[in-house]
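For the record, the sequence lines run as chains A and H.
Count along the first sequence from 1, add 9, and you get the number used in this note's numbering.
Under this note's numbering, the second sequence has 52 at position 61, and the numbering climbs by one with no breaks.
Rather than coming from a laboratory, the hints here were simulated on the basis of the structure.
Certain hints may be false.
Unchecked claim - Coverage of chain H stretches by chain A, computed from C-beta distances (three or more under 8 angstroms per stretch; other residues unrestricted):
no.	region
1	74 to 80
2	95 to 106
Said to hold, decoys possible - Below are the SDA-like pairs computed for lysine to any residue, each with C-alpha atoms no more than 20 angstroms apart in a straight line:
no.	chain 1	residue 1	chain 2	residue 2
3	A	LYS239	H	GLY99
4	A	LYS239	H	ARG50
5	H	LYS91	A	ILE408
Unchecked claim - Listed below are several chain A residues computed to face chain H (Cβ distance under 7 angstroms; list not exhaustive):
no.	residue
6	VAL400
7	LEU405
8	VAL427
9	TRP428
10	PRO482
Keep in mind the model is a prediction, meaning the values are calculated, not measured.
Positions of the beta carbon are idealized from the N, C-alpha and C atoms, including for glycine.
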Amino acid sequence: MNEIFGMFQGLINGFGIALTLNNLTFALIGALLGTVVGILPGLGPAATISLLLPLSFKIGDPITSIIMMAGIFYGAMYGGSTTSILVNIPGEAASVVTCIDGYQMALKGRAGPALGIAAIGSFIAGTLGVIGLTFVAPPLAEFALKFGPPEYFSLTILGLLMATLLGGSSILKGLVMIVLGLLLGSVGLDPISGAIRFTWGFFLLQEGVDFVTLAMGLFGVGEILYNLEKEMKTELVTRKISHLWPTLKDWAESKWAIVRGSFIGFFVGILPGGGAVISSLISYAVEKKVSKHPEEFGKGAIQGVAGPESANNSAASASFIPLLTLGIPGNAAIAMIFAALLIQGVQPGPFLIAERADVFWGVVASMYIGNAMLLILNLPMVGMWVQLLSVPYAILAPIIVLFCCIGVYSVRNTVFDVWIMGIFGVFGYLLRKLDFEPGPMILAFVLGPILERSLRQALLISAGSPLIFFKRPISGTLMGFLILFILFQIIMVIRKRKAGKKSESY
Amino acid sequence: MAVWGSTRLSMGRFKHPGPGFLPFGLGLCLIILSLILIFKNLGGKSSPIPFWPRRSWLRPLLGLLSLAFFAIFINYLGFILTTFIFLIIWMGLIERLRWKTVLFISLGATAGLYLLFVFFLEIPLPTGFLKW
């Protein structure tokens, strides 16, 4: 009872922090920026937050800048649906499935209800997600206090593997990305002995590869170079949007989709390696399964918009849980926020809620407010945002690149970093070209130092015996999950092979 | 396509005394993974799609060159001039917008960026020979 009382107390204090004029302004700026990058294809929340990392000191204290960055992250989930529905291009990755039915609805002249239900679903799910965050995070952080190095090692390994398994195209390519990310993370001074590694004689590399430089190169410049290749054409179905408010029939059809989407999103969001993109895919599949008219999916079923759009929002809120309680980011955008906290001198982890209660509750409270702001921004004002789509990428792209250059330059005031960013940009471009996901790489880069430190500390504790990861109860359980996952994957691969051979022999 | 990528990636494998424990293991992992990738692709048919169809490498390359231009000249020409020329190059050469539009937007964007970074955020940016 006492604990629940403590949570409400914390939340009230949090609202006190979030409702100051300064923090409200930055929550609004975050929500606005998030909506904009969500709408604009070719610029995702991860890239945008990376653009703002060098500025995070200028923005203000940790609370204010995290409030703003969080706003960008969940704001993008709102905006992404708009482009999916009207242009049939996902505004950002988590809205890919919204294209399927959303665009069909727009073609049938029902763009209004599609946009409306996406915004309302996002709001309900986002708020449910934050409520979940409010009540799940504190006990989880308390539990995580028991974690020692072996537990952290098991958890990071599990998270990284889940990120590859859930992350997309090829598991093998995902693994390559993770190993590369970990290697990049080990550039610079060794965290325990202070030995210099992989600097190739560059003095400036001694502090390691800077996260800002890497993130901007991979996500900012890399993405733009990749998009330069394609002609970006945005053709709107319609400019005039009417009947935003869904009819009673729409509402009846989609209310359970929203609820299901919220729960799916929440649980997928908590998982290490989970996130908004996967949750929307799962939600779409579930909606198609439970629907009485699965044949309508792909032809403009409103559940196909409501479910995934809800799922990605509640996943966005839920993915703050592993970050704020364990200090382990689950996806690329959250990894950026992790870096922002570190830049501001706040260590995310189980001690965060106790030691920096103001940061935790301030950010959580701001998320309630931000979701309400976004509902207003997205419902009545959606027509205005649509005009944004007519800003040609030709003008946007060079300005984004300039932003990257200046941002990277300003971190240490050297042009050297701009060059490094350019190299990572080429690398990011080639990765996209070759169908590698850069997301797991940035995760591995962030988690690398945690992984290495915990591994070596654990081995010191156990005097070199790797059995320590299996003997301790929590770590053992996590490792058990890990082994189960790997076995499951192997079985799946073998089954696929068999199925493939059978179909060949027929 | 992936063959090309993985041969490029398989250059990993570094050794270091003492603190190189994890990097060494990772390098090994990388080699194994790359070999599997190469092997898988050798087994399959190589994809008939060319890596860069129809000179599509040109635009990213030009984009990269203008980035290099920015990095080389910012210390000499200063922030304002370099930004302005960068924008003109990008929009004029790569995107081939009309020159009037290019000039107009470049001017506006340079002014905007200057206001944002130098005026509001007070980031010390190189001024170059013009001293502003």
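Consistency of the hints with the structure:
1. 74 to 80: holds (count 3)
2. 95 to 106: holds (count 3)
3. LYS239(A) - GLY99(H): violated, 26 angstroms
4. LYS239(A) - ARG50(H): holds, 9 angstroms
5. LYS91(H) - ILE408(A): At roughly 18 angstroms apart (the allowed maximum being 20 angstroms), ILE408(A) and LYS91(H) satisfy the hint.
6. VAL400: For VAL400(A), the interface hint is violated, since the closest Cβ of chain H sits about 11 angstroms away, which is over 7 angstroms.
7. LEU405: The hint is violated - LEU405(A) has no Cβ within 7 angstroms of chain H, the shortest such distance being about 10 angstroms.
8. VAL427: holds, 4 angstroms
9. TRP428: holds, 6 angstroms
10. PRO482: Since the shortest Cβ distance to chain H is 26 angstroms, the answer is violated.
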